[in-house]
Amino acid sequence: MPLVNGGKIADDSFVKLAVDTPLPESGDILVPAERFLGEADALLKRAGKIGVIWPNNRDIADLVPYLGKLATVALVFPSFRDGRAYSQARLLRERYGYRGDLRATGQVLRDQFVFMLRAGFDSFEVKKQADAEAFMQTAKRYSVFYQPTGDGRITALHRRMQLRHSEGVGT
Amino acid sequence: MYAYDEIDRTLVNERVSEFRDQVQRRLSGELTEDEFKMLRLQNGVYLQLHAYMFRVAIPYGTLASNQLRQLAHVARKYDRGYGHFTTRQNIQFNWIKLSDLPDALADLAEVGIHAMQTSGNNMRNVTSDQWAGVAPGEIEDPRIWSELIRQHTTLHPEFSFLPRKFKIAITASDHDRAAIKVHDIGLRLIKNEKGETGFEVLVGGGLGRTPFIGKTIKHFVHGRDLLSYIEAILRVYNQYGRRDNIYKARIKILVHELGIEKFSREVEEEWQHIRYSSLQIDNEVIEDIRSRFIYPAYEKLPHMPDELRQAAADPDFEAWRKNSVAAHKNPGYSIVTISLKPIGAPPGDATAEQMDALADLADKYSFGEIRVGHEQNLALPHVAKRDLPALWKALDKLGLATPNVNLITDIIACPGLDYCSLANARSIPIAQELTRRFANHELANLIGRLHINISGCINACGHHHVGHIGILGVEKNGEEVYQITIGGRADESAALGNLIGPGVKFDEVADVVEDIVEAYLALRERPEELFVDTVKRLGVEPFKERVYATR
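Protein chains in written order, with full-length UniProt numbering: chain X, 1 to 171; chain U, 1 to 551.
If a hint is listed, it holds; no wrong ones were tucked in.
Output of the computed footprint for chain X on chain U, the stretches with three or more beta carbons under 8 Å from beta carbons of chain X:
| hint | region |
| --- | --- |
| 1 | 26–40 |
| 2 | 156–168 |
Derived EDC-like pairs (lysine to aspartate or glutamate); straight-line CA-CA distance at most 20 Å:
| hint | chain 1 | residue 1 | chain 2 | residue 2 |
| --- | --- | --- | --- | --- |
| 3 | X | Lys-127 | U | Asp-34 |
| 4 | U | Lys-262 | X | Asp-59 |
| 5 | X | Lys-127 | U | Glu-35 |
| 6 | U | Lys-505 | U | Glu-433 |
| 7 | X | Lys-128 | U | Asp-21 |
No lab work stands behind these hints, which were simulated from the structure alone.
Note that the coordinates shown come from a computational prediction; the quantities given were computed from them, not determined experimentally.
Glycine included, each C-beta is placed from N, C-alpha and C at the ideal position.
Generate coordinates for the entire structure from the input sequences, incorporating the hints supplied.
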C-alpha cells in the first residue's frame, strides 16, 4: 500500500505492530491505541520514532497527554463511508493543537483526498497505486472552499469580503 | 433570486469536472460499483429499477426562468421529456444514461444549478418555505440564511460521510410550509427582544420507518452563531450516530436513545468550544449574501383592478382564483400556486414543454421567478393581480390550472414500484385512482383542505405519516397491502397519523378513502372544521367503524 507524504509517494519508515508483536530494538513503530496506552512509558523511552493507530470509535481526547511525544497519529477509515476520523482529525489539529504528522489509514481512496487535506491529514496510506500517483493532481481539483477549517485555506465568504474591500478602496 | 458569483460558479464547475473524471474511471473499470456508488450518490445519481435516476437540487425552492428552461432542456435531451418534482424541492429525471450525466451536469452548471448532495449520507439540499420573501407577515426572508447554510454544507470536509442522510429546513412564517418538524434540523426564524434575528432549533425529526416529530434543542440561537451551532450538532452526530444499522443511523435515533437533555448537553459542550471561532458570522457576510438576492421592483398597483373584477363573472376563473391564488405581502400582487396534480396523472410531473411555457409565463408575469414547494407543486411568486385572468387562461391551455391546491386530489406521492428499486408497492396508480374518484371539483371543495400522502415503502418518501390521510404500501405474502393512517400533519402543529386498522388490498384503497371521507362529512361539526381537526376531536374510532363495518 503506497504512502503519500508531502504530496509524493514516499517510503514508510514505520513498522506497524500488532497488540502482541514483540517490540523491535530500534526503528520507527506504529502501535495500536490500546497497546500504546498500556505501555506508553516504555514505548516512549525506546530509540526510534513512535506513532499511534487510533480507532475511530475511541475518544481522541484520551491521546492528548501524549501528543507532544508522537511522531505520527494514524486515524482509521475502516470503510470509505465511515467519516468519524474526519472529526477526530479536526479536533486534533484545531482543538488540541497537534502539529505532528497526521496519517489516514484504511480505505483511503482518491476521491477523499481533498476532504482529508482540509480536515488536517498530511500523509495517506493509499489503497490503490493509481490513486497514490494521482495525488497531486487530485489535491488541486478544487480552488473554492465554503467552510473554514484548520487548514488555513481562505473561505469563499472571506474571499468575497476581501474583494468587496479592495473594490471599495479603488472607488 | 440568488445570483451566483464567480466563486460559486467556479466551485460548481470544479465539481462537474470531478464527476466527469469519476464517471470515466467507473466506465473504464478503475472504480468498482461499490466505490462509485458513494460518489454518484453525492452527485444525486441513484440506480433505479430501469435506469439511473438523477436528482437535481433546487435550493430553498427558488428557480429563475432560465434555470427552469435548462431543466426542460435536460429533460428533453437526456431523458424522456419530463421531470418529477419531489417533496424536498428537487427535480428528478428517471431515464438518464450514466455516460450522459457529466454533460447534463455541465449544462445545468451553466445556469447555476447543481446536484451536489441530493442523495448520499451527507447534508442534503436545504429546503425552505416556497413563499419565502413574499408571504404576508413573514419575519424576514429565510432564503438568506438558507443560502448561507447551503454554502456551508456544500462539500463539507468533516460531514460528507455521516452515519446517514441529514436534512435541514427553515421557515420564517407562523404557518410552517417547510415541514421543519420532520427534518433532522428544523430552524424557525425568530427575533429576540432586541429585535435581532435568531432561530429556534429543532432536532431529530424525521419520517422513514421510525418517525419522530423534532424536539426543540435550543429556544434561541443568535444568527451570528447559526453555523457554529449546526456544526456542533453535526459533530456530535458524526461521532456518536449509529453506523451498525442503517435503520438506526439517523440523528432522530441518537436523540431518542440519549434523550433530548443529554443530547443537548453534548451539543452545548461542543458548541462552547467552537462558538467564538471563524464560524461566527458577522453582519457584513449576511449583507453580502443578501445583496446577491435580487428582488422585483414592484409597482404600486390596485388591490382590486378592473381586470379582476370583470373576470369574476367567469365561474371557472373564480374557482381557480379562490383555490390557487394566495395573498402577497404587496397588496397589488398575488402568489399563484400551480398544481402539478391534474386528474389522473402522476403527482409532481411536468413535461419539458410545460416547463418551457412556465418559464415564459414567469418572465411575462412573475419577474422571471418560479418556486417549488414540498407539496410537489410550483408557484409564481409575484403576479400582479391585473394579470391573473390572462395568466389563468395561459395556464389552462397548458393543463396547469387544475383548481385543486390543498384539496383531496392534491396528493403527495413517491414514485413507488413503478420506478423505485426500494419500493414494495405502487404509489402512482393509487394517486391516479384517487384523483379520478374525487375529480368533481364541487365535491373536493365541499370536503375542503385534506392532504393525502402515499409512500410505496416504509422509507416514507411520500411522507405518509404526516398526511391527513396517509397511505403506506407494504408487501405481504407477495401481495401489495396498504396501511392507512389518519390525523397526521406536517405544519407547525405537526403530528403523526394513527393507523385505522388492518391493511387493505390495492383495489380497496380508493373505496376505503371514500368511506373515510364520507364519515368525515357526516361527523364534522360545521363545514369549516377540517378533516384533520375532526379526527383530532373524535379520534380514530368512528372512522375505523365506518371503514371496517362492511369489510
